[in-house]
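**Q** Listed below, chain by chain, are the residues.
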Amino acid sequence: MIAELGHYALILALFVAVVQSMLPLMGAARRDATLMAVAPSAANAQLLCCGIAFAALTYAYVTSDFSVANVYQNSHTDKPMLYKVSGVWGNHEGSLILWVVTMALFGAAVGWFGAALTPSLRARVIGVQGLVAIGFLLFILFTSNPFERLSPAPIQGEGLNPLLQDPGLAFHPPMLYLGYVGFSLTFSFAIAGLLEGRLDAAWARWVRPWVLAAWAFLTAGIALGSWWAYYELGWGGWWFWDPVENASFMPWLLGTALLHSAIVVEKRDALKRWTVLLAILTFALSLLGTFLVRSGILTSVHSFAVDPTRGMFVLLLLAAVVGGGLALYAWRAPTLEPGGLFQPISREGGLVLNNLLLTTATATVFLGTLYPLFLEVVGGGRVSVGPPYFNATFIPLMVPLVAAMAVGPLLAWKRADIKGALQRLWAVVAVTVGGSLAVLWLDRGGPVLAPLGIAMALWLILGTLVEVAERIALFKAPMSTSLRRLVNLPRAAVGLTLGHVGCGLAILGMTGSLWTTEVIRAMRPGDVQQLAGYDIRFDGVEERRGANFLSEQGTFTVMRDNAVVWVLKPEKRRFDSPPMVTTEAAIKSRLFYDLYLVLGEPDRREGARAASDRWGVRMYHEPMVPFIWLGAVVMVIGGLVSLSDRRFRIGAPTRRAVPAGTATGAPAE
Amino acid sequence: MKRLVFLAPLLLFAGLVGWFVAGMDRERQLPSMLIDRPAPAVTLPPLLTDRPGLDPAALAAGRPQLVNLFASWCAPCRVEHPTFMALAREGVPILGINYKDRPEDAIRWLEQLGNPYARIGTDRDGRAGIDWGITGVPETFLLDARGRVRWRHVGPLMPEHVPSLRQALAMAARG
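Residue numbers (the numbering used here), protein chains in the order written: chain V, 1 to 669; chain F, 1001 to 1175.
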């Protein structure tokens, strides 16, 4: 009954989406205020319908209603409640429901907070959002209905893939989706802007918070995914350049470019055509990510489902949405007025450089991900493009990008003095050069990239801090003045600082992982292994019964100078349904390194199952790796802080006064 | 001329969609191509020192056997692994092809999860994968006594697929 209600709500959502797209778009074209006014209420109705469908599916999961095929395939009564709920989106059909409910939420949010938009722009944004929703709802209803029933109903479910039963992965897909779907809204803004024929500072001010929100969610989603791969897959690695990882990384790179180019549109009324193109392409890459994952067109860690029908449908959706957007772009973009002029050496110039490098980086990742497919289609045989390609193409692009990241914020708008900016960074230059030389000396014969990575991280973090120090006149004014200025810094400036420092911290962590030490050996209980100054004693393995698995838990005593520091317990879990073994690495995280232990298979001689068994053990010492995720957290916080600034500025009472002050600074139209 | 610049993204995208369509077609043409034909005559070096690799003679061994393409980086392979361990315990001969993998990763993977394979050939660049016409890993083929492909399974081989495998095994054993 509840499931049927959910199904019915989905069908209703489709019809509401038709209304939500057609009437407001028609109204905007005819300047009919009544039709345009339909938009916010239609968006609310859409949210209600999708919300009911999502709630119905969640209910089926929570109550373990195995008469619903989707629940039967992905759930089990023994599963902890957290994973029953996360099972809702841990599969193809449910994740699409999450997608449409998020899209509906964002569409409705434009209705709630968009009172200051011109009525026609608001109607168009919500209308375009409705159009995209139609595509996804059709996809769900025709190829991926999560409410299909089974008769007779099975007594027990098949269980969620144990690899996915993990707190990191429970929240990884929703975060990614909030990011992807957030970019659907910037796409809607771009299309609406093209339809309006007017893109100005006000438009950019509206788009930026959504880009920021989507970017912050995507950053969090990617970081969670990488963290999960790090501790769950048990290889000690955190990024594999896997096609599906790349699929989420490409929209992130382009979204970062969009985040920066929208600033230029807002502040300087320039780069409009470029920004609109970026907005369309960023969402295109989000859809492409979905397509690559769902069609199984590329071989990947994540290829759980290979379904050509679904792949074809997503391809059609991609062609319609992106093709339509780009066609509109080809038609309308030439009519957009070019905006303010600027010198190459200026804040704008820096942001253009940022955009060029990020776009090129996206293109190299894109090529590396899809090249095997291209080659195969023309009959060139199968090749695999691995990390060497990405390291050789991606890192050289990141070096100038990071170099510019520290300088850019010091440049003035329109025309800047690069010499002056570099002079202000002299101390940073000294520390950077000194630091990398020190690394080169201390780590003779070590990884070649290490001094470079350290230099990049130092330069970026310190350079960014110099910019803040200048803003608050640190050491130049009395401490109290500096503190007051620090507190009163605009939130957007704080966001910039956090975002760039976070990026620097992440680079530090990635560089640190070059120094990972790995030990693989077979150990008998009582054996001691040395690793990075620790003595690690293997004490034995005992069996333990978990909620829905049987665990073999090893005990390792970590000692330093004969004193016990920690006891670590890595596990191997054998799940019953579906039958599968997972490794639970034991990770001791200090700020500056991780100690990472994995229990392998016992090396049992025929017939002998004694306590003297030798066990395969892998140990890693991973210096600075925690900084990768610390950096991501700082970046996300930066995004959120910056977001709070936007909301403050576009708050209802001041909405007339503030735009008037900034937007008319250098009007181009 | 200037319009062309704005048209370029659309044209590029149209080309891309064309590629995808071609790519998807390829995916769908493959499934039945090898059925009842001799298995591709591949010679692959061994992964482990104590188990031989693959050669054409090993594929026609005078009794039905399974060929499984796997990789340590492939999560579904991990999912299907217990099924192969169970089959190996029953005495079903299983040949492994380690697809696009680093040998040290694959060896570790087998040490960790157990080794159900009688022979393992390494296919580092994925060429054998093309000869077998796989769409990805894991994939499993059943060969009869003369080395002809009799049955194919795409994706993880789970307990629910075993009955159909047994049927195919029985048919293959009869010739």
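One thing to keep in mind: the hints can contain errors.
[Claimed, not checked] Chain F is faced by these chain V residues, among others (derived, beta-carbon under 10 Å):
{"id": "1", "residue": "VAL18"}
{"id": "2", "residue": "PRO154"}
{"id": "3", "residue": "ILE155"}
{"id": "4", "residue": "GLU158"}
{"id": "5", "residue": "TRP239"}
{"id": "6", "residue": "PHE374"}
{"id": "7", "residue": "ARG524"}
{"id": "8", "residue": "VAL528"}
{"id": "9", "residue": "ARG544"}
In short, the hints are calculated from the structure, not lab data.
Glycine included, each C-beta is placed from N, C-alpha and C at the ideal position.
**Q** Going through the earlier hints one by one, which of them does the structure break, listed in rising order?
**A** Per hint list: 1, 2, 3, 5, 7, 8 and 9 violated.
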